[in-house]
Amino acid sequence: MAKFSITFHTKYHISCLIFLLLAITSCTKYQNYNELLARADSLININPDSVIQLLEPIEEKVDEMETSKKMRCLLLLTTARNKCDTVFRSDSLQIVLTNYYDHRGIPNERMIAHYLLGRAKSDMGEAPEAMRCYQEAVACADTTSFDCDWWNLTRIYLQLADEYYSSYMPMEMKEALRLSRICALHAGDTITSIIAYAKLSEVYELTDSKDSAAIAIREATQLFENEGRHDLASQIQSLLIEYEVEKGNLEEASRIVKYYESHSGYFDDNHEIEKGREIYYYSKGLFYLGAGRPDSAECMFRKLMHKAQDTNDTHAAYLGLRKKYLATGPKDSLVKYAMLSESTNDSLYQENYKDNIQRLQSRYNYSRHLENEQRLMLSNEKRGKFIVFIIFCFIIIAATALAIYQNKRKKREIQFREYRDDLKRLRQLKAEMSELVRSKDVTINTLSHESIMQQSNIEEMKGHILQLKEKLEESRRLTLESIMAKDEEIRLLTEKNKKYDKFFINKTKDEILKTIRKSKIVQKLEFYVSHPFQLPSKGDWDLLDRLFHDTHPNFPATLQDSFNLSVIEYRVCQLVFAGISPKGISVLMGFDKSNVTNIRKRLLTKLTGKNGKAGEFDQYLFNIPIV
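Each position in the sequence shown, counted from 1, maps to that position plus 398 in this note's numbering.
Don't read these hints as lab results, they were simulated from the structure. Built from N, CA and C at the ideal position, the CB exists for glycine as well. A couple of the hints might just be wrong.
[As the list claims (entries may be wrong)] Across the chosen pairs, the derived CB separations fall in these ranges: (1) Lys809 / Ala537: 56 to 66 Å; (2) Ser610 / Val485: 27 to 37 Å; (3) Ala537 / Met569: 32 to 42 Å; (4) Asp500 / Ser935: 26 to 36 Å; (5) Ser564 / Tyr657: 24 to 34 Å; (6) Val485 / Lys608: 25 to 35 Å.
[Claimed, not checked] 25 Å max Cα-Cα, derived BS3-like pairs, lysine-lysine: (7) Lys936 / Lys991; (8) Lys991 / Lys1008; (9) Lys907 / Lys999; (10) Lys936 / Lys916; (11) Lys701 / Lys656; (12) Lys918 / Lys1008; (13) Lys918 / Lys936; (14) Lys705 / Lys783; (15) Lys991 / Lys981; (16) Lys907 / Lys1004; (17) Lys608 / Lys645; (18) Lys806 / Lys783; (19) Lys1004 / Lys922; (20) Lys673 / Lys481; (21) Lys721 / Lys608; (22) Lys918 / Lys907; (23) Lys705 / Lys673; (24) Lys916 / Lys981; (25) Lys656 / Lys721; (26) Lys1011 / Lys981; (27) Lys656 / Lys645; (28) Lys780 / Lys806; (29) Lys721 / Lys645.
From just these sequences and the hints, can you work out the full model?
So, in structure tokens, the structure goes:
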């Protein structure tokens, strides 16, 4: 029996140990997941390649995670792949993410989920659907929140602008670029805001406004140079080479060519442009042709022809050679390249025609989809209205029947209650009659007996009253002695506590000052000071008023009730007491720092009647008693 007991306890301890190890392992695993996701989140905007390397090894294990961590992992991984220019062939994962975060996520997560769905739709050639997803993404953003993801919101607007450009919608593109600039400035991303401004040239390209496009490019170039980004400045300014040649500004065109080749970063040591940007040779060839250097122009056009990456490059090369031979001859070469340029132009037309047909087909499909949705919505709306009407009629009939039934029931209850009350009243009257007859004789006997006893009761009452008077005098004497003793005790305690009053009052002041300066609203105001893109709202000021009213009620009572300060003067007093610097007060109140100093000096005179420094006014605020 003892052996069995030992074996049983041993097995029990082993089982507990195994369970504990499994629990520790599980906790460690989930903790590792949390750390991994947190690290991926910190790298997503600066190094998406590292995020892919971090999360791809656990992609097959996401089903083991909690749903929230699983979706967070998939959202980060899909975002990283998108930032690495992955082409999405399916939108199934993005739809799952959108459905999940629409019901559970924060605004930033919902915005990213809809944006990723739009990227998938764009890669799948569904431009109208992509634009709708981008519009839903920006609608998800909470731009009133201090943690709004302005950085990604900027890029969503840029992506939407590109879709508008591809769909020949210049006004919509211009508005998207304007909003992108605003978001970039909120995010502190000056370079992206300039890029958004530079892309206005594409808007003017769609409207065939070359002069406006040139103005936008020049202004963007100047902004890039002011930021020290000569690479971006030269890249955007290179778009003006052909424009300046057409205008006859060959010196300006020459300067742009040199600036582009020396600062763009696209050229190797052999002065060859990187692959995919060979179309630049066409612009440089036009410059040489305009400068009277046809041989150099022909060299550029032939280099483009040999390194062409697509039909557009080939057509540009043939077109450049046709222009060269049109200027210099011979005619047979002119005819040759004229025919070749026409041939490639036809090819480009066919490609553009196919693209336009596909775009129109996707728009048609999208329109049909919207029509079907609207038709279904109208049908559901009519069906819903009919059902509501039937339910309403049923409710009216049921309510009427119930009212009739309740009315009849109430009448029957009233009649029954009256009948019951009549019976009760009858029994009561009979009982009263019997009681009156019985009490008549009893009353006569009682009065006779009381007349005899009354005389003896008078003597007893006199003795009782005398005893009460003696007890009252004794009580008065004891109460007076007690009151005198309490007064003496109060006097002694008052003298004893006087020396501690100052210490405790100062301690309470320090606690109040600490409570106010560490409060959430004061920390929020300090955030506004360090991020001066938003002023405090009325709700913020109300929270500050409530904080002072609850923590230091004598502060508003002294300043507002006694001295009748204005709103601005009282706000300055609150911010000084809360530890906000004069510069911070100027940011929050929206006026100069010197004005803050003048207000403090003026308030010192108003409250104390003497002139002095602003620091003396601050000390006066800190000395306001707490009671």
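Results of checking the hints against the structure:
no.	hint	verdict
1	Lys809 / Ala537: 56 to 66 Å	60 Å, holds
2	Ser610 / Val485: 27 to 37 Å	34 Å, holds
3	Ala537 / Met569: 32 to 42 Å	19 Å, violated
4	Asp500 / Ser935: 26 to 36 Å	28 Å, holds
5	Ser564 / Tyr657: 24 to 34 Å	30 Å, holds
6	Val485 / Lys608: 25 to 35 Å	34 Å, holds
7	Lys936 / Lys991	22 Å, holds
8	Lys991 / Lys1008	22 Å, holds
9	Lys907 / Lys999	24 Å, holds
10	Lys936 / Lys916	20 Å, holds
11	Lys701 / Lys656	19 Å, holds
12	Lys918 / Lys1008	35 Å, violated
13	Lys918 / Lys936	16 Å, holds
14	Lys705 / Lys783	66 Å, violated
15	Lys991 / Lys981	5 Å, holds
16	Lys907 / Lys1004	24 Å, holds
17	Lys608 / Lys645	11 Å, holds
18	Lys806 / Lys783	35 Å, violated
19	Lys1004 / Lys922	30 Å, violated
20	Lys673 / Lys481	21 Å, holds
21	Lys721 / Lys608	21 Å, holds
22	Lys918 / Lys907	19 Å, holds
23	Lys705 / Lys673	9 Å, holds
24	Lys916 / Lys981	19 Å, holds
25	Lys656 / Lys721	23 Å, holds
26	Lys1011 / Lys981	17 Å, holds
27	Lys656 / Lys645	19 Å, holds
28	Lys780 / Lys806	39 Å, violated
29	Lys721 / Lys645	17 Å, holds
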